[in-house]
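Heads up, the sequence shown is in full-length UniProt numbering, so the first residue is 1 and it goes up one at a time.
Hint data in this document are derived by calculation from the structure and do not stem from the laboratory. In this text the structure is predicted, and so the values were computed from the model without any measurement. Don't be surprised by glycine CBs; every beta carbon is placed ideally from N, CA and C. Among these hints, one or two may not hold up.
Taking lysine-lysine pairs in the PhoX-like style, the calculated list, with each CA pair at most 25 angstroms apart, reads [stated by the list, open to error]:
{"hint": "1", "residue 1": "K86", "residue 2": "K75"}
{"hint": "2", "residue 1": "K86", "residue 2": "K58"}
{"hint": "3", "residue 1": "K72", "residue 2": "K58"}
Label-pair distances were calculated between CB atoms; the ranges are [claimed, not checked]:
{"hint": "4", "residue 1": "L12", "residue 2": "P76", "range": "22 to 30 angstroms"}
{"hint": "5", "residue 1": "V7", "residue 2": "I82", "range": "26 to 34 angstroms"}
{"hint": "6", "residue 1": "P26", "residue 2": "E71", "range": "32 to 40 angstroms"}
{"hint": "7", "residue 1": "T77", "residue 2": "L12", "range": "16 to 24 angstroms"}
{"hint": "8", "residue 1": "Q39", "residue 2": "N9", "range": "12 to 20 angstroms"}
{"hint": "9", "residue 1": "T51", "residue 2": "V19", "range": "18 to 26 angstroms"}
{"hint": "10", "residue 1": "F85", "residue 2": "K58", "range": "18 to 26 angstroms"}
{"hint": "11", "residue 1": "I83", "residue 2": "L21", "range": "21 to 29 angstroms"}
{"hint": "12", "residue 1": "V7", "residue 2": "A68", "range": "16 to 24 angstroms"}
{"hint": "13", "residue 1": "F85", "residue 2": "R6", "range": "20 to 28 angstroms"}
{"hint": "14", "residue 1": "K4", "residue 2": "P76", "range": "15 to 23 angstroms"}
{"hint": "15", "residue 1": "Q65", "residue 2": "K4", "range": "25 to 33 angstroms"}
{"hint": "16", "residue 1": "P76", "residue 2": "V7", "range": "29 to 37 angstroms"}
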Amino acid sequence: MKAKFRVYNSYLEALSDYVELLTRNPRYAAVTTAATAEQGAVALQNAGYATDPHYARKLTSMIQQLKAMSEKVSKPTARILIISFKLLKSTS
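Could you put the whole structure together from the sequences, leaning on the hints where they help?
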């Protein structure tokens, strides 16, 4: 399968476009309303986001690794990450 991919000048530009895609396109409504990150990964794949048939499984594996690492993160850093996630969710 051939797919077209976008090119960005910065990570900020890429992330901004990604957030806009997920929050403004009704196709991804289940992603923005998912109760967990893992459910969001499955919703992304179900909505046709990725060409990799194992996308959700791979993304879920990374999410679980990050969660395991987050147990080692200081509480102030964890609070910043949680607040950032909540802000992102509130814009959807």
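Status of each hint after checking the structure:
1. K86 <-> K75: This hinted pair holds, its Cα atoms lying about 16 angstroms apart.
2. K86 <-> K58: holds, 24 angstroms
3. K72 <-> K58: Holds - the C-alpha atoms of K58 and K72 are around 22 angstroms apart, at most 25 angstroms.
4. L12 <-> P76: 22 to 30 angstroms: At roughly 23 angstroms between Cβ atoms, P76 and L12 fall inside 22 to 30 angstroms, so the hint holds.
5. V7 <-> I82: 26 to 34 angstroms: The hinted range 26 to 34 angstroms holds for V7 and I82, with Cβ atoms some 32 angstroms apart.
6. P26 <-> E71: 32 to 40 angstroms: Holds - the Cβ-Cβ distance for P26 and E71, about 36 angstroms, lies within 32 to 40 angstroms.
7. T77 <-> L12: 16 to 24 angstroms: holds, 20 angstroms
8. Q39 <-> N9: 12 to 20 angstroms: violated, 32 angstroms
9. T51 <-> V19: 18 to 26 angstroms: Between T51 and V19, where Cβ atoms are some 21 angstroms apart, the hint holds.
10. F85 <-> K58: 18 to 26 angstroms: Once the Cβ atoms are compared, 21 angstroms apart, the range 18 to 26 angstroms for K58 and F85 holds.
11. I83 <-> L21: 21 to 29 angstroms: With Cβ atoms ~23 angstroms apart, the hint holds.
12. V7 <-> A68: 16 to 24 angstroms: violated, 33 angstroms
13. F85 <-> R6: 20 to 28 angstroms: The hinted range 20 to 28 angstroms holds for F85 and R6, with Cβ atoms some 24 angstroms apart.
14. K4 <-> P76: 15 to 23 angstroms: violated, 41 angstroms
15. Q65 <-> K4: 25 to 33 angstroms: holds, 29 angstroms
16. P76 <-> V7: 29 to 37 angstroms: 36 angstroms Cβ-Cβ, so the 29 to 37 angstroms window holds.
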